[in-house]
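Colleague: Respectively, the protein sequence lines represent chains A and B. Taken in order, the first sequence gives residues 1 to 334; the numbers are from our numbering. Taken in order, the second sequence gives residues 1 to 173; the numbers are from our numbering.
Treat the hints with care, since some could be wrong.
What the simulated footprint calls covered on chain B by chain A, stretch by stretch (three residues with Cβ under 8 Å from a Cβ of chain A suffice, anywhere in the stretch; the number is not a length) [to be verified]: (1) 32-42; (2) 50-64; (3) 70-82; (4) 86-93.
Worth flagging that the hints you see were computed from the coordinates, not collected in a lab. Every value quoted in this text rests on a predicted model; they were computed, and no experiment measured them. Beta carbons: idealized from backbone N, C-alpha and C, even for Gly.
Spelled out, the chains give:
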Amino acid sequence: MPGTGIHANTPKYLLSVFLLLPLFLPVSTALAAPAGTLITNQATATFQDANANSFTALSNTTTVTVTSVYTVSVTSPPDASGGQNTVVYYPYLVTNTGNDNNTFTLAAATGSALPNNWTATIYFDANGNGVRDPGENTVTNSTGVLAPNGTYRFLVGVTILLAVPDGAQDDTTLNVTGTGPGAGATAQDNVVTTVVAPNLSIVKDVRNVTLGGGFAATANAAPSQILEYRLTVTNGGAAAATAVVLTDPDHTWTTYVAGTIWIGSNGVSSGPPNVLQDDNNSGAETCAIPVCGIANATAGGLITANLGNGATELVGGSLPPGTTVYVYFQVRVD
Amino acid sequence: MRWKRMFMALSIVAAALHLVGATNALAADPAKPQLALTLTAQKEVTAKDAEGKPKAEWQEVRDVKPGDILKYTITYRNVGTVEARDGRIVDPVPQETSYVSGSVEGKDAEITFSLDGKTYQAPPMLKYKVRQADGTEAEHDATPEMYTHIQWKLLKPVPPGGTGSVSFKAKVK
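Turn these sequences into a full structure, and let the hints guide you.
Modeller: Next comes the structure, spelled out in structure tokens:
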């Protein structure tokens with residue numbers, strides 16, 4: 001456009017002015033103009049006549065009013081997981097991004113997409129640290145009045161039921177809704193909670209030691225022949241199994257052969273590096289690694305094996321996810 | 001007779017007062033330039049043309065929302081009897097708004113900006129300094145959002161009856 005634009009002065013002139021008049025300005029973030037703000041403006045003109053007499057003129061003053069805008073934002077925490085019968089907490093921050101006061105209602109519901117029907121409760125995060133601390137028991141469903149740029153922190157607690165399998169999920173939807181004239185301001189978030197639980201499996205197979213042969217689901221044997229059982233215990237879940245105790249009481253038509261219990265990582269045979277057990281539950285044996293066990297056998301043939309890290313003669317230990325431990329013992333066919 | 005003399009004396013006094021008044025009037029209203037400024041604030045709205053199709057146009061407004069773009073137009077007219085020389089028009093960017101980069105217009109005008117309403121420069125040399133935590137100073141180029149005032153230096157005298165206009169746009173914070 002002819003005659004329109006910015007006419008730069010000479011660099012020399014500009015540089016000198018800059019050096020003389022450096023400006024120190026604070027770095028600030030722009031906030032929305034509050035509702036009701038009056039934006040006024042008035043221009044000024046200076047000019048001269050032929051005799052260099054100076055004059056000043058003012059324009060009229062314009063005034064426009066900033067009207068209310070109602071908006072809201074809510075953070076979106078990542079999906080999380082938890083154990084059975086625990087509560088998973090999701091920290092949230094609601095911000096009134098409008099330019100007028102607003103009160104927001106909070107509602108959390110589970111099971112819209114993954115209907116496991118766990119429960120969701122909203123707690124006020126009094127100290128705003130994103131964690132439900134002791135004493136933070138105030139259940140809330142409103143932010144109260146939030147001024148423009150005002151915030152409210154809370155936690156959505158999702159209670160996982162006890163009897164749910166590893167990997168089960170439920171979704172929780174949080175709705176934030178303004179009230180009154182600001183009812184149009186809404187925000188939503190959705191999180192998926194996943195159960196992490198142990199999932200122990202036991203596979204029992206057998207081989208005829210007297211006749212030789214490998215382990216299989218079944219074996220043929222005649223009276224007086226020796227059978228060896230292998231129990232493969234695996235935690236296929238996403239959480240450690242604790243207090244793991246394996247018992248094998250059913251030895252009808254057989255008699256336990258004393259001193260034949262082996263426990264360890266060797267899944268091919270009962271020998272080393274598996275550890276031979278002493279058949280009693282006295283002493284101070286303990287397991288310091290997950291693939292480990294301490295077993296005993298009663299006169300009646302009840303096999304009890306306390307398995308996992310931390311297992312002792314009396315209590316079971318912990319089997320982390322993915323851990324497999326083998327338990328062997330022999331019986332004679334009656 | 002006495003009344004007649006008194007009337008004549010009063011007439012002389014009245015004439016003298018009238019003459020003095022006329023002299024004073026001449027002294028207060030000599031030939032001089034006078035720029036009359038009219039400022040308008042407009043917002044772009046969507047209207048419909050004769051065929052009912054939407055079209056954008058600028059309309060004067062009283063209400064705005066955060067994020068709206070306001071266009072301030074200053075129309076000047078020399079209503080004086082002689083030309084106005086070395087005209088400069090200054091308009092502040094309202095605090096609740098920020099200047100929209102590249103939106104300033106002004107035919108036959110040298111346009112400069114200010115960060116404080118005192119010193120005006122073209123944008124390439126508008127800089128500011130920030131004192132950092134360690135006490136040193138960091139120099140930065142000013143961004144259009146930081147401009148506080150705009151100045152139009154009219155490059156041509158405005159003759160009596162002459163008019164013109166300048167404008168800029170500002171975004172409501």
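Colleague: Work down the list of hints and note, for each, if the structure agrees.
Modeller: Evaluated hints:
Coverage of the segment 32-42 of chain B by chain A holds in this model, with 10 residues showing a Cβ closer than 8 Å to a Cβ of that chain against a need of three. Using a Cβ-Cβ cut-off of 8 Å, 4 residues of the segment 50-64 of chain B lie near chain A, which meets the minimum of three, so the contact claim holds. Only when three residues or more bring their CB closer than 8 Å to a CB of chain A does the claim for the segment 70-82 of chain B stand; here the count is 5, and the claim holds. Judged by the Cβ-Cβ criterion of 8 Å, the segment 86-93 of chain B is covered by chain A as claimed, because 7 of its residues qualify and three suffice.
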